[in-house]
Amino acid sequence: MAGYRKLGRTSSQRKALLRNQVTDLLYYGKIVTTEAKAKEIRKIAEGIIALGVKECNNFDTVKVTAKVARKDKDGKRVKEVVDGKKVTVYDEVEREIKKDQPSRLHARRQMQKTLFTVTEVPADKQSRRKDTKKVDVVSKVLDDIAPKYTDRNGGYTRIVKIGQRKGDAAMEVLIELV
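Each residue of the sequence shown is one higher than the one before, counting from 94 in our numbering.
Among the hints, a few may not be true.
[What the hints assert, rightly or not] EDC-like cross-link-like pairs, simulated, lysine to aspartate or glutamate; straight-line CA separation at most 16 Å: (1) Lys123 <-> Glu269; (2) Lys136 <-> Asp117; (3) Lys123 <-> Glu139; (4) Lys192 <-> Asp153; (5) Lys259 <-> Asp117; (6) Lys164 <-> Glu185; (7) Lys160 <-> Glu189; (8) Lys136 <-> Glu269; (9) Lys147 <-> Asp244; (10) Lys191 <-> Asp237; (11) Lys233 <-> Glu139; (12) Lys132 <-> Glu269; (13) Lys160 <-> Glu187; (14) Lys147 <-> Asp193; (15) Lys147 <-> Asp237; (16) Lys191 <-> Asp117.
Think of the hints as simulated: they come from the structure by calculation, not from any bench. What you are looking at is a predicted structure, and each value in this text was computed from that prediction instead of being measured.
Build the full structure now, drawing on both the sequences and the hints.
What follows is the structure, encoded as structure tokens:
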């Protein structure tokens, strides 16, 4: 007997489906799907969260100085004329950044094999590319989701049966983060 459900798809289709649904589960916190898919999603999601819990505090904070373009009140770059050319004015800013230790970096790359980056579009500006922003789900797992579960030993997801779907009578479930 196989160690996983085939879900009536080829291996590439199945992998893409599970990657999409695991990414959505971790981004939104809950999704509605069929029972068989939810049980497969649970395996992958729990492994990713467990990896995040193990590595969530494994970083160093480092002070870095960076050059940042000076901006006016409208948010546009300030330019000065130097030798007849317009040149952008830069200010030096000191910031604290998180620097991953090698094990956390490895965990981040392992998660990136499975998870996608999500493009967030504001509700009022649908179908416009200008105001979209990309959300790194891996960073969300390491910074937001994993610290909630540091005192918990597994069982990060819950599957709740909703009922049968109208079209094909497949059992629908809600899978959510606990």
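Hint check:
Using a Cα cut-off of 16 Å, the hinted pair Lys123 and Glu269 holds, with the two alpha carbons roughly 4 Å apart. For the hint pairing Lys136 with Asp117, the CA-to-CA distance comes to about 15 Å; that is within 16 Å, so the pair holds. Between Lys123 and Glu139, the direct Cα distance comes to roughly 14 Å. Compliance with the 16 Å bound is thereby established for this hinted pair. Between Lys192 and Asp153, the direct Cα distance comes to roughly 5 Å. Compliance with the 16 Å bound is thereby established for this hinted pair.
For the suggested pair Lys259 and Asp117, the alpha carbons sit about 23 Å apart, so the restraint of at most 16 Å is broken. A threshold of 16 Å between alpha carbons decides the hint, and for Lys164 with Glu185 the separation of about 13 Å falls inside it, so the pair holds. Straight-line distance between C-alpha atoms of Lys160 and Glu189 comes to about 14 Å, which keeps the hinted pair within the 16 Å bound. A C-alpha spacing of about 13 Å is found between Lys136 and Glu269, which places the hinted pair at or below 16 Å, so the restraint holds.
Of the supplied pair hints, the one linking Lys147 and Asp244 holds, its CA atoms being roughly 11 Å apart against a limit of 16 Å. For the given pair, Lys191 sits about 14 Å from Asp237 by alpha-carbon distance, which is consistent with the 16 Å threshold. Restraint check: the Cα-Cα separation between Lys233 and Glu139 comes to about 15 Å, which is no more than 16 Å; the hinted pair holds. Restraint check: the Cα-Cα separation between Lys132 and Glu269 comes to about 12 Å, which is no more than 16 Å; the hinted pair holds.
Taking the CA atoms of Lys160 and Glu187, the gap is about 9 Å. The hint holds against a cut of 16 Å. Among the hinted pairs, Lys147 with Asp193 is consistent with the structure: their alpha-carbon atoms are about 13 Å apart, no more than 16 Å. For a cut-off of 16 Å, the pair hint linking Lys147 to Asp237 stands: about 14 Å separates their Cα positions. Distance hint between Lys191 and Asp117 is unfulfilled; the C-alpha atoms sit about 26 Å from each other, more than 16 Å.
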